[in-house]
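2 protein chains.
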Amino acid sequence: MDAVFRALADPTRRQLLDNLHARNGQTLNALCAEMDMTRQAVTKHLAILEEANLVTTLRKGREKEHYLNPVPINEIAERWIGKFERHRLDALSDLKKRLERED
Amino acid sequence: MDAVFRALADPTRRQLLDNLHARNGQTLNALCAEMDMTRQAVTKHLAILEEANLVTTLRKGREKEHYLNPVPINEIAERWIGKFERHRLDALSDLKKRLERED
DNA sequence: TTGACATGCAACCAAATGGTTGCATATTAA
DNA sequence: TTAATATGCAACCATTTGGTTGCATGTCAA
Numbered sequence: 001m002d003a004v005f006r007a008l009a010d011p012t013r014r015q016l017l018d019n020l021h022a023r024n025g026q027t028l029n030a031l032c033a034e035m036d037m038t039r040q041a042v043t044k045h046l047a048i049l050e051e052a053n054l055v056t057t058l059r060k061g062r063e064k065e066h067y068l069n070p071v072p073i074n075e076i077a078e079r080w081i082g083k084f085e086r087h088r089l090d091a092l093s094d095l096k097k098r099l100e101r102e103d
Numbered sequence: 001m002d003a004v005f006r007a008l009a010d011p012t013r014r015q016l017l018d019n020l021h022a023r024n025g026q027t028l029n030a031l032c033a034e035m036d037m038t039r040q041a042v043t044k045h046l047a048i049l050e051e052a053n054l055v056t057t058l059r060k061g062r063e064k065e066h067y068l069n070p071v072p073i074n075e076i077a078e079r080w081i082g083k084f085e086r087h088r089l090d091a092l093s094d095l096k097k098r099l100e101r102e103d
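Protein chains in written order, with UniProt numbering: chain A, 1 to 103; chain B, 1 to 103.
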């Protein structure tokens, strides 16, 4: 969970997820082609995404294919965001009332 | 959006959100009491949460009350996570098929 | 088998991050 | 008015982060 949040914090890594979402199973070189940095930098980002289980890889000869794994993101939506979202309206109305009371 | 992800990346800040979720409208000192670090460190974290619009503050004399704002989290759920979640089952079955094909 | 290509590993570096301490300011209460 | 309390601001520091370069390894194809 912690690793997922940390992984999602970086815009480059979110872009990598976007790229994989657009075309799944891309090789490292293919992903690098769309990124404005060295291959090694992209490798590090992908390692962090893999660590967070957001990306799954599949060795294919000398190539490595990368697949988006939506499960951890789904878990955030269900477990963590849901907690706040559940009380969203309550919290908003509480805040509104409180602010109005202060005027 | 970027600021929200960055803000959520830190466990201390998620704990602050948890604390506010448990009891909304806490003052800085109240929040500090539950955190194992200096007041100034907590202040910085709260500033980042405010910057990300995850926390709203209300000056009350010499005190400052902090309120959880669930809207940005809700936006993540709707805009960003939804995008991947929508194709969750597809992606999973794709991956499964692919892995089976490789065996 | 050998050259080209895809990826892996490690050292290194600048900048950002998360924390500290010290002092300043503003408000409440005696 | 003055002491205590609540917060703000700034300098400073260690570690992490995001990037680089250089070289090693493994696989495909001629």
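Hints are not guaranteed to be accurate.
Claimed, not checked - Estimated spans, in silico, between C-beta atoms of each pair:
1) A:Glu63 x B:Thr57: 50 to 56 angstroms
2) B:Glu63 x A:Ala30: 29 to 35 angstroms
3) A:Ala3 x B:Lys60: 36 to 42 angstroms
4) B:Arg23 x A:Ala33: 25 to 31 angstroms
Bear in mind the hints are in silico, worked out from the structure with no lab data behind them. Just so you know, these numbers come straight off a predicted model, no measurement behind them. Note that beta-carbon positions come from the ideal geometry of N, C-alpha and C, so glycine has one too.
Between the beta carbons of B:Arg23 and A:Ala33, is the distance compatible with 25 to 31 angstroms? Cβ of B:Arg23 to Cβ of A:Ala33: about 50 angstroms, so the range 25 to 31 angstroms is violated.
Should the hint that A:Glu63 and B:Thr57 are 50 to 56 angstroms apart at their CB atoms be regarded as holding? holds (51 angstroms)
Supplied distance hint 36 to 42 angstroms, evaluated on CB atoms of A:Ala3 and B:Lys60: Since A:Ala3 and B:Lys60 have Cβ atoms about 38 angstroms apart, the given range 36 to 42 angstroms holds.
Pairwise beta carbon distance, B:Glu63 to A:Ala30, judged against the given window 29 to 35 angstroms: violated (55 angstroms)
Comparing the model with each earlier hint shows violations of hints 2, 4; every other hint is respected.
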